[in-house]
Amino acid sequence: MSTVTLTAKGTHELYLEAYNVTPDAFAGKTADEIAGLECHEGNRKGKLGEYFDIDGNGGETAADTQIIVKGNCKKIKRIGQQMTAGEIIVESDCDMYTAGWMKGGKVTVKGNVDSFCGIGMAGGEFIVEGNAQNYLGSAYRGDWRGMTGGLIHVKGNAGNDVATFMRGGKIIIDGDAFLHVCTHGEGGTVVIKGNVESRVGGQMVKGDIYVYGQIKYMMPGFKYVDDVEAEAVEGEKLTFAHYIGDLGERHSKRKGEIIYGNIYLKK
Amino acid sequence: MPKVIKNVGCPYCGACCDDVEVTVSDDGKRVLEVKNVCAIGTQIFMHGGDHDGRIKLPRMRQPDGTMKDVSFKEAIDFTAKTLLKAKKPLMYGFGSTNCEGHAAAARVMERAGGCLDNCASICHGSSFLAIFDNGYPSCTLGEVKNRADVIVYWGSNPAHAHPRHMSRYAIFPRGFFTGKGHKSRTVIVIDPRFTDTGRVADYYLQVRQGHDYELFDAFRMVCHGHADDIPDVVANIPKETILEVAEVMKNARFCNFFYGMGLCHSDGRNHNIDIAISLTRDLNEFTKCTIMAMRGHYNITGPGAVWSWQFGFPYCLDLTKKTMVHMNPGETSSVDLAMRDEIDAFINIGTDAGAHFPIPAVQHLKKHPFITIDPSRNMASEISDLHVPVKICGVDDGGIVYRMDNVPIQYRKVVDAPAGVPSDEEFLDAVYERMVELEGEGFI
Chain A
8 MSTVTLTAKG THELYLEAYN VTPDAFAGKT ADEIAGLECH EGNRKGKLGE YFDIDGNGGE
68 TAADTQIIVK GNCKKIKRIG QQMTAGEIIV ESDCDMYTAG WMKGGKVTVK GNVDSFCGIG
128 MAGGEFIVEG NAQNYLGSAY RGDWRGMTGG LIHVKGNAGN DVATFMRGGK IIIDGDAFLH
188 VCTHGEGGTV VIKGNVESRV GGQMVKGDIY VYGQIKYMMP GFKYVDDVEA EAVEGEKLTF
248 AHYIGDLGER HSKRKGEIIY GNIYLKK
Chain B
12 MPKVIKNVGC PYCGACCDDV EVTVSDDGKR VLEVKNVCAI GTQIFMHGGD HDGRIKLPRM
72 RQPDGTMKDV SFKEAIDFTA KTLLKAKKPL MYGFGSTNCE GHAAAARVME RAGGCLDNCA
132 SICHGSSFLA IFDNGYPSCT LGEVKNRADV IVYWGSNPAH AHPRHMSRYA IFPRGFFTGK
192 GHKSRTVIVI DPRFTDTGRV ADYYLQVRQG HDYELFDAFR MVCHGHADDI PDVVANIPKE
252 TILEVAEVMK NARFCNFFYG MGLCHSDGRN HNIDIAISLT RDLNEFTKCT IMAMRGHYNI
312 TGPGAVWSWQ FGFPYCLDLT KKTMVHMNPG ETSSVDLAMR DEIDAFINIG TDAGAHFPIP
372 AVQHLKKHPF ITIDPSRNMA SEISDLHVPV KICGVDDGGI VYRMDNVPIQ YRKVVDAPAG
432 VPSDEEFLDA VYERMVELEG EGFI
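Taken in sequence, the protein lines are chains A and B. Sequence positions in the first sequence follow the working numbering and run 8 to 274. Sequence positions in the second sequence follow the working numbering and run 12 to 455.
Among the hints, a few may not be true.
Okay, derived cross-link-like pairs now, DSS-like style, lysine-lysine, Cα gap no bigger than 27 Å in a straight line [claimed, not checked]:
#1 B:K377 <-> A:K81
#2 B:K377 <-> A:K82
#3 A:K54 <-> B:K14
#4 B:K250 <-> A:K230
#5 B:K299 <-> B:K84
Chain B regions said to be covered by chain A (calculated; three or more residues, Cβ under 8 Å) [to be verified]:
#6 279 to 290
#7 332 to 339
Since the hints were made in silico from the structure, they are not lab data. Built from N, CA and C at the ideal position, the CB exists for glycine as well.
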């Protein structure tokens, strides 16, 4: 695997849109060719070489390419957007749309990420060692097809609107989340190891939500049915109170049985 | 002899009353009297025309901090240069101007490669997000007047914010199928505060602040046959009341929800509207039900209509790529752009960002060139580097405006503006032409 190391120079005055920082764009390119790739600072079109020191060549394919991003990336958007394979490691905080619409590969952010990260994700793995802001693993505005696959693991807290319109894949949040988890959910699994304020599973059609802490305000549309033993995260078999809902939403039938969304609250 | 002009549209709120009678002076420069208009609308008409209180020339900030009158030509040049120099300029406002002005602004910002946003961004923008996600089963105010027999005001207070809404459209008028006026209508008001609108309600539900989403869910449970599973109290409303009010809605001939800031700007924002739309859809299994946003300014629906037609998105437009438009409120919305210090020039037009934005946002904006285009002095104009006075749309300028139900109405000029003062469209078109000239001269 070839490694390309980018070091942010911090020369951008506004936010930088580094949508070409992906193994897909770097594959088969030398360091000089990578430096010539396009990026945007406001309405000024620039080259990656103006904003990053670039060291190393890309691999033959995206899967053979690893990108390590150093320096302060707090004001850099769209790293790893739409990547299909390979690996990105960001050693600082980074901004919006990190790993957005990702289809494969792995992105690791060692700091915090802002909003809209992992949005519309279809595959791959996205690890955040710090906190994530709002709209983690959510759908783009107006899209009824949110996250369809892959894994998001946030080791800190997340904000509002986690997994809106989720249809598949898994999100694990080690800390807390605030409002709206899996709203309009149509599948997939969300695991929150901390507490949630309210509106867990609102308008949810299908899917599973595991909460290890407290839900401060439970939706009225969720009904307790039984206690179950389940393994939300591999190797952690626990007992949960099982709720079904949202009873105020449409639900399909399978083999004559109505399929509800599920909330599992740790006992 | 004073002239009476009838059927004039009022440039105050989204109800767009178009039955106003205006009496103007002999010389056509002052409004003497207005009829069929609320107290706020009256004041707007009285401010129009050519009188001593009007600002007639642009005012430019000087190095010593004072403001000095300059020519419109200098103001146009300064604005064009500011836009061309900026990497990410933002133009925000448009609640109080006509659609011609919105279209001109879009031409300017597309050329400049900046962001373009309207007051919906801090108002009913969250409704747009819900509409993108869940559709908009709406109607016109005429249909409400003629057909609706159950009116729900949720998180809105028209008694103060849209003073003639209840009397012209929703509660009191006698329509084709609502011949008994307010006697043929049931009014439901849902609000954490007992407002003046609450006083006319047959059912007043004092929902717990920030828990509207849960109450909608409970109403939806009734529609989906799960009434028995509703907890005893939801959002401070007893189960019996929820069931009673749900029956009123289900048994209506025509039910309409009017909702305001109380819903789209309490916790959850777009999701509150989203579930309200879902409830509207559910109620259509039983009766006819529609939903309508209580849009604030008389033409805040306008930029949504104009820009959706031009660019495909109603607000929060990011035109920086010039070849494509990007929209994502939370990122491209004015307050977020300002709070994150993402922009480097700001134009405030037909609104008052100085009064409406959070203080840290205004502090960030003030670090960069700050221009206000507005007929009056306001908080934004007083901190601006340039304040450009323009005509007051609906009083000394005509044009197309969109009412809250997306019905376009032709507004009329009733008095003359001070000589030389341009309309928003004329000023912005001149800025566009100057930008083209400057680009030709190799300015950047």
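How the hints compare with the structure:
1. B:K377 <-> A:K81: holds, 23 Å
2. B:K377 <-> A:K82: holds, 20 Å
3. A:K54 <-> B:K14: It is violated: about 64 Å lies between the C-alpha atoms, which goes past 27 Å.
4. B:K250 <-> A:K230: Given that 27 Å is the threshold and the Cα spacing comes to 16 Å, the pair holds.
5. B:K299 <-> B:K84: violated, 56 Å
6. 279 to 290: It holds, with 5 qualifying residues against the three required.
7. 332 to 339: holds (count 4)
In the structure shown, a violation is registered for the earlier hints numbered 3, 5, in ascending order.
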